[in-house]
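J.: Order-wise, the sequence lines are chains A and B. Quick note: the working numbering has the first sequence finishing at residue 211, numbered continuously throughout. Quick note: the working numbering has the second sequence finishing at residue 1071, numbered continuously throughout.
Rather than coming from a laboratory, the hints here were simulated on the basis of the structure.
Ranges of calculated distance between the beta carbons of each label pair, as one might list FRET restraints:
id, chain 1, residue 1, chain 2, residue 2, range
1, B, GLU1006, A, GLN63, 29 to 39 Å
2, A, PRO55, B, ARG1009, 33 to 43 Å
3, A, GLU23, B, ASP1058, 37 to 47 Å
4, A, ARG16, B, GLU1006, 42 to 52 Å
5, A, HIS62, B, GLY1005, 34 to 44 Å
6, A, GLU23, B, GLY1055, 40 to 50 Å
Covered by chain B, according to a simulated footprint, are these stretches of chain A (three or more residues, beta-carbon under 8 Å):
id, region
7, 85 to 95
8, 182 to 190
Backbone N, C-alpha and C define an ideal beta-carbon position, used for all residues, glycine too.
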Amino acid sequence: MDARRLDEESSAWLRRLSAGGRERREAERELHARLVRIAVAEVRRRQSGTPVTGPELDDVAHQAADDAMVAILAKLAGFRGESRFMTWAYRFVILEVSSKLGRHYWRAPAVALDAAQWERMPERFGLDPAGHAEAAAVLAEVRRVVDQDLTDHQRRVFIAIVVDGIPLDALAARLGMPRNALYKVVFDARRKIRRALAANGYMDEPGLERR
Amino acid sequence: MSDLGELERFLRTDPRDLGCAEAMAVLHVYVELVAAGQDAAGRYPGIAAHLAACGPCDEDFTGLLLAATGD
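Make a model of the complete structure from these sequences and hints.
T.: Structure follows, in structure tokens:
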């Protein structure tokens, strides 16, 4: 995007961060302070879903802000003005917080990898297989498809995320895979399971299925 | 209890769903459209479909919206 179309504040940030000497240092200090503030607010917003607490949570926030700062400065030339500069910059720190909290999950995991807690599956989806034969049959069919029709990789990822409830970012950190790749695995597994349920009369036609 | 609705919704996939990488690449643009009260979902249906299905990306969307609008 043409730099002349940038809003005034965004233009000023770009100019100051591209300058030399004291002006740039001041801009970097100011930007970093803002990133820290956003990161601290974000880790606190998410604290119920992480084993990290207290001062360690603030440490995570500061690490996220530091890493976001490095990424922002490295990618400054790639800012095209599609949004305000600060919204673009905050995206880096929000994504860093996600990634870092995902890694910290394994310090005190709620469930181990490959636990396969199928008995908790009904609760996750508000089902009562003991009182409802249909729910029991559907859950049995889901498990059959997972066991028999998914690939080994799909099965492991589906069980970890859907059956055991391991956060996507935590599994991504553990397996060294990007979030997007794991999401695609689960997406394909969901489609395969639904098609099987539809084919066997447990659910209506799959509908919007092709991707 | 035992309404299959939640499981059914979870298993339903949307072909417009662009996935995490593409959603995150334009999250800042999407967030500003939402913050401005514009039709972000209409302009980026693939992003809207993804955020509706992906909890972690929706969490990032919420965090960025709060950051951008609270600034």
